[in-house]
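Once you've looked at the hints, dock chain D against the given chain U.
Number of protein chains: 2
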Amino acid sequence: MPLLDLTKLVVVMVRPRNPLNIGAAARAMSNFGSRHLRVVNPFRLAFREARSAVGGSAVLKNAEEFDSVADAVADCALVVGTTAIRDRKLDPPPKMLDGNSANIIHSILKQGRVALLFGSEKIGLTNDDFSYCHWLMTIRTHSQNISMNLGQAVAVCLYELAREAESAAPAEKRELPSAEQLEHIAKGLLEALHISGYVKPGTDKMFEKKARQLILKMNLEAYDAKLFLGMLRQILWKLRQSKKASG
Amino acid sequence: MPLLDLTKLVVVMVRPRNPLNIGAAARAMSNFGSRHLRVVNPFRLAFREARSAVGGSAVLKNAEEFDSVADAVADCALVVGTTAIRDRKLDPPPKMLDGNSANIIHSILKQGRVALLFGSEKIGLTNDDFSYCHWLMTIRTHSQNISMNLGQAVAVCLYELAREAESAAPAEKRELPSAEQLEHIAKGLLEALHISGYVKPGTDKMFEKKARQLILKMNLEAYDAKLFLGMLRQILWKLRQSKKASG
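Protein chains in written order, with the working numbering: chain U, 4 to 250; chain D, 4 to 250.
The following block holds chain U by itself, in its conformation from the complex:
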């Protein structure tokens, strides 16, 4: 299950102030296969600092600077603004970041570019910025702490957009031991319990079942069954020795 293709997604940071956040956004973009970073009216020093960072990614080095949101999104077929605002009346109301909004974005990405706008650390996107957006999107967070760190918000959005919609989990491939091997383990455990005095006379049958059930429920893989049997045999060897010595 590879990542979904985000090469035509354009991340637009509007008036970012902290170079660390620009760097963090670029790093998340590299992680999730998104390439086009655009920055609108950054705090100038911050942008220069972020761009010249040692080990800065290709995303950062190729970042483009714009004077207005209009210019930054001009070639995009869909413009989506991100916001933490929920109470203020927004029209249209924000969609939640989830599989549904991701599907809409991907349906457009098949045809052209989609801009994803992030506002400044302090005040986010303004109403003027919103006016360039086809719709707004918000990350579902705890009601008492809705505002996310900018770099983390970018990472979470890209993760969701790159994330393949759920399909059933592929069956795990496990090599299993034979019932016979498991029975050897159960018998070994039982003998150890006998020698050590755990099994009281007359309760053998019950403990045989208990030991077998315990081993079966361990759901061991073939390798682990072999390992465990080897350990048990060594322990048994020692216990038998002591039995002989004391007997």
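Any given hint could turn out to be false.
No distinction is drawn between identical chains; accordingly, a pair holds when it is met within one copy or between any pair of copies.
Said to hold, decoys possible - Listed below are the simulated DMTMM-like cross-link pairs for lysine to aspartate or glutamate, each with C-alpha atoms no more than 20 Å apart in a straight line: (1) Lys11 to Glu124; (2) Lys98 to Glu178; (3) Lys92 to Glu224; (4) Lys98 to Glu167; (5) Lys220 to Glu178; (6) Lys203 to Asp74; (7) Lys208 to Asp227; (8) Lys246 to Glu224; (9) Lys208 to Glu186; (10) Lys92 to Asp227; (11) Lys125 to Asp101.
Keep in mind the hints are simulated off the structure, nothing from the lab.
Coordinates of chain D only, in the frame set by chain U:
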């Protein structure tokens, strides 16, 4: 569609070095309704700095410090390690962060605590850290840029875990032992292996990991863990007797 309940999730940061990352993790936790932050052997100055940050969240102020992974996860029913490693052969191989792994975690969160481990910025979790994990989890990223920023990785994991699945698989109901109880079993098995001569001198560390992993993979329920520990203790008692007799 509210957030899923993460109040019993425990985020464990192992040897974090950068206070900004500790703060970022705590912020993401507040955003997604997770409360328990534990820090193992942090770069001391970093932890103090993060904790005393102005505007630091309740999560950060209540963060607990531990000297070992074992102590930090002792009261957890499931321990999941995060890793960016894909090529190195890991056994069991990491699960992808997705709805399926989230479902497994939520089925355990219904009964008890789940620890989610994050390693240091530079090297992540070590093989020794891995040995305390029931399984490992990785975030699906672009093949050329797999390593995520620590704070962003925490945010993405919590987002996925708090995110309502499109369709949830019915959770299994099993009462699970604590990591501490499982550690008792592993330690007991190890002692038995020592006395019986299975462990050769100089290989203690390797066998300690092997024994712990074997016990974790058994996926024991609480009742069976108690039963198995009782058996092991009796066997150990006998082995110790023979050791005294021969010593």
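Hints versus structure:
1. Lys11 to Glu124: Answer is neither: 25 Å inside a copy and 30 Å across each miss the 20 Å cutoff.
2. Lys98 to Glu178: between (23 Å within a copy, 18 Å between copies)
3. Lys92 to Glu224: between (28 Å within a copy, 17 Å between copies)
4. Lys98 to Glu167: Intra 19 Å, inter 15 Å, cutoff 20 Å: intra and inter.
5. Lys220 to Glu178: both (16 Å within a copy, 14 Å between copies)
6. Lys203 to Asp74: Neither. Shortest intra-copy (27 Å) and inter-copy (36 Å) distances fail the 20 Å Cα cut-off.
7. Lys208 to Asp227: between (26 Å within a copy, 18 Å between copies)
8. Lys246 to Glu224: neither (32 Å within a copy, 32 Å between copies)
9. Lys208 to Glu186: within (15 Å within a copy, 30 Å between copies)
10. Lys92 to Asp227: between (31 Å within a copy, 17 Å between copies)
11. Lys125 to Asp101: Neither: 25 Å inside a copy, 31 Å across copies.
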